[in-house]
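Given the coordinates of chain D, assemble chain P onto it according to the supplied hints.
There are 2 protein chains.
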Amino acid sequence: MCGTEKLSAKPTLNKCSLSSDNVTKEDNLINLDHGDPTVYESFWGKMGEKCTLVIKGNDLMSYMSDTRRLCWFLEPELEGAITRFHRVAGNAAVEDRYVVIGTGSTQLYQAVLYALTAPGSGAGPVPVVSAAPYYSQYQAETDLLCSGLYKWGGDAYAYDKDGPYIEVVTSPNNPDGNIREAVVNRSGTGEGKVLYDLAYYWPQYTPITRPADYDIMYFTFSKSTGHAGSRIGWALVKDEEVARKMTKFIELSSIGVSKDSQIRAAKIMGAICDSYQDLKSGNSENFFEFAHQLMAKRWKRLREVVAEVSEVFSLPKYPKEYCLFHGEFTESYPAYAWLKSNESIEDCEKFLREHCKIAGRGGRRFGVDPSYVRVTMLSREEAFEQFLQRLLSVKDIKKRALIV
Amino acid sequence: MCGTEKLSAKPTLNKCSLSSDNVTKEDNLINLDHGDPTVYESFWGKMGEKCTLVIKGNDLMSYMSDTRRLCWFLEPELEGAITRFHRVAGNAAVEDRYVVIGTGSTQLYQAVLYALTAPGSGAGPVPVVSAAPYYSQYQAETDLLCSGLYKWGGDAYAYDKDGPYIEVVTSPNNPDGNIREAVVNRSGTGEGKVLYDLAYYWPQYTPITRPADYDIMYFTFSKSTGHAGSRIGWALVKDEEVARKMTKFIELSSIGVSKDSQIRAAKIMGAICDSYQDLKSGNSENFFEFAHQLMAKRWKRLREVVAEVSEVFSLPKYPKEYCLFHGEFTESYPAYAWLKSNESIEDCEKFLREHCKIAGRGGRRFGVDPSYVRVTMLSREEAFEQFLQRLLSVKDIKKRALIV
Chain D
1 MCGTEKLSAK PTLNKCSLSS DNVTKEDNLI NLDHGDPTVY ESFWGKMGEK CTLVIKGNDL
61 MSYMSDTRRL CWFLEPELEG AITRFHRVAG NAAVEDRYVV IGTGSTQLYQ AVLYALTAPG
121 SGAGPVPVVS AAPYYSQYQA ETDLLCSGLY KWGGDAYAYD KDGPYIEVVT SPNNPDGNIR
181 EAVVNRSGTG EGKVLYDLAY YWPQYTPITR PADYDIMYFT FSKSTGHAGS RIGWALVKDE
241 EVARKMTKFI ELSSIGVSKD SQIRAAKIMG AICDSYQDLK SGNSENFFEF AHQLMAKRWK
301 RLREVVAEVS EVFSLPKYPK EYCLFHGEFT ESYPAYAWLK SNESIEDCEK FLREHCKIAG
361 RGGRRFGVDP SYVRVTMLSR EEAFEQFLQR LLSVKDIKKR ALIV
Chain P
1 MCGTEKLSAK PTLNKCSLSS DNVTKEDNLI NLDHGDPTVY ESFWGKMGEK CTLVIKGNDL
61 MSYMSDTRRL CWFLEPELEG AITRFHRVAG NAAVEDRYVV IGTGSTQLYQ AVLYALTAPG
121 SGAGPVPVVS AAPYYSQYQA ETDLLCSGLY KWGGDAYAYD KDGPYIEVVT SPNNPDGNIR
181 EAVVNRSGTG EGKVLYDLAY YWPQYTPITR PADYDIMYFT FSKSTGHAGS RIGWALVKDE
241 EVARKMTKFI ELSSIGVSKD SQIRAAKIMG AICDSYQDLK SGNSENFFEF AHQLMAKRWK
301 RLREVVAEVS EVFSLPKYPK EYCLFHGEFT ESYPAYAWLK SNESIEDCEK FLREHCKIAG
361 RGGRRFGVDP SYVRVTMLSR EEAFEQFLQR LLSVKDIKKR ALIV
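Chains D and P, in that order, are what the protein sequence lines are. The first sequence begins at 1 in the UniProt record's numbering and counts up one residue at a time. The second sequence begins at 1 in the UniProt record's numbering and counts up one residue at a time.
Note that these hints are calculated values from the structure, not bench results. Please read all numbers here as calculations on a predicted model, not as lab measurements. This list has only true hints and no planted wrong ones.
Each pair may be met inside one copy or between any two copies, as identical chains are not told apart.
Here are the simulated PhoX-like cross-link-like pairs (lysine-lysine), alpha carbons at most 25 angstroms apart as the crow flies:
id, residue 1, residue 2
1, 56, 267
2, 50, 267
3, 340, 300
4, 46, 56
5, 357, 300
6, 395, 340
7, 350, 395
8, 161, 151
9, 297, 340
10, 357, 340
Only chain D is shown next, with the shape it has when bound in the complex (with noise of 0.2 angstroms):
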């Protein structure tokens, strides 16, 4: 059968009792394993009204927003912002492509593999593979319903089967950070499909280096703007059909998508424009200097303190490049610290979480060794100033000894 049972097996994300700083009540665990956005609270904190929804009790009632338009659920008022938000950031080309709305890219990865799998061929469920290490939620997310149209086929470096398969890029990947682009092979049979998870293919934490433009490629309000709890992501899609069997998808799944959330996001998003075309503003008002800053004072002082345990722990070295945002060279600053331990520990996650009380996501759920662990880097900063400190104990550890 196919993955529910080993699924049930897996860490959840309310197996621990958390309070708003991530850290456990009972056994004072520092949560870090999910990549909850909760860092960039304090710069809307401070909008006010620019940044302030208003909804009237009658308000976007309708299932509909715009029945002319092929993905009929989406508020034209999001479609503007999405489009000018992607031209203030340069990350994404967004002429002569439709945009189609999803409960998160959660909900628009599957709305993919459906349009691109659908009618079924016949021939059996579709393989769907990336490279690992590869996000760990996606082989859950495939399997989830042993499809009949596809499943997840594992490590596209490993993949060599012949026939229709389906690769997912995650750029910048997620949990390693680098940028990345297709790796099975076999591009010109036309049996493979690729589309491109760009949910961290932001300013604040890699070099815009060019606008993507790619047939398929999704983004996500959680990873961009930091708002998680709404539940917003858009794809970008060149080919009618594929948006089309997408918008049925999320037609039969969800009937739509919150509108609620939707006219947020368009808010939010206006915001951060706006905070670009006033020349007025300060730099501490733009949100992508204010984020991109705040990721690289975190990520200086992650090295500072790995640097001092580098015995025990590494991490990933990213080139400069040229960042067309920014206009000069730029490091990047992921997401998640993706440490790396030293032989003597065999199982990273169990280290972390035995001896510095920290939670994070061991490699094996990504697909390699358990050597690896992921950490977000995007929690509060009492939880963030926490993690640094217990990382540090290590040196503490190795003093008694515990290392051998």
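Frame of chain D, contents of chain P only:
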């Protein structure tokens, strides 16, 4: 292969170009195919401040609501409002149940199917049946991904196979407004699971004869208050394991449900409950009274019109029952008119479309013969008036001997 090919041939919501009053500009067709509950807009437009939601830029940013709870993405404020709302309406037992939230009841339907069938038994997909006429989308939603866990099994009246099955009971029924119970007579064998779609079990549509008290039942914001655009549904679930698996499904499908809409639903439900606790407020401010009177008025007018064209159309009759909410015997005023044409008209949907310029949804979509058609009673006032006028025009058609 599963039902995807058939699907794409079916009419979709975005096939025609609607203006805000449901009338297409191209062919003057009035679209009453879907159940968009815009009928209640006028009520909510008068509610002012007490139903106006204000969300600040830094509100509701996290994925999490309360990680100590089973359904960790459910806002405690909404859970409280749902409990209170059912107590005011008297339509469901809320004690000792888990509340699981979904992106509309559409997502919850799929979450229940997953929860009742995963991990798969290995014996092949479990049939899902419902008594005809059944909700037109169940088949497409069930077969969307050609799941190996479950598949559409058709009319429950005709179901006589051995082994596990799931029966969906919609009560009051969509399309015909009847109160229903399970019809597959296999209780006691432990092989059948029953889920109750109670979207229309509210005092404006049907007498509330008792609080519903089933193991798995779900409701939706769309049909209770008319806020379809918010995409909020909720299930009341007795069994912890079922609730946990439903939560897992929604985690993997969309990482939760829009928090903006959750808070909006809590506010609207709260305002309704407040109005019933505030003795000073007149009946006009009480939502269920307003909605009940409005539906009664529409049904009275529709029955008068149908009486005038009774040689062509007929409507179901509903028994009067004592309604615990209204404290008197009341009739049913369903959300849809389930029109039946006389023997001379083979296809009622086609007839309505061609002769009356009314787009309804034909009987075949609900698993019955095409002499039936479902027409929404929840449109805006102008569209409803046009519906009546156009239905009445059948008299002239008869005079012109277009009907033999």
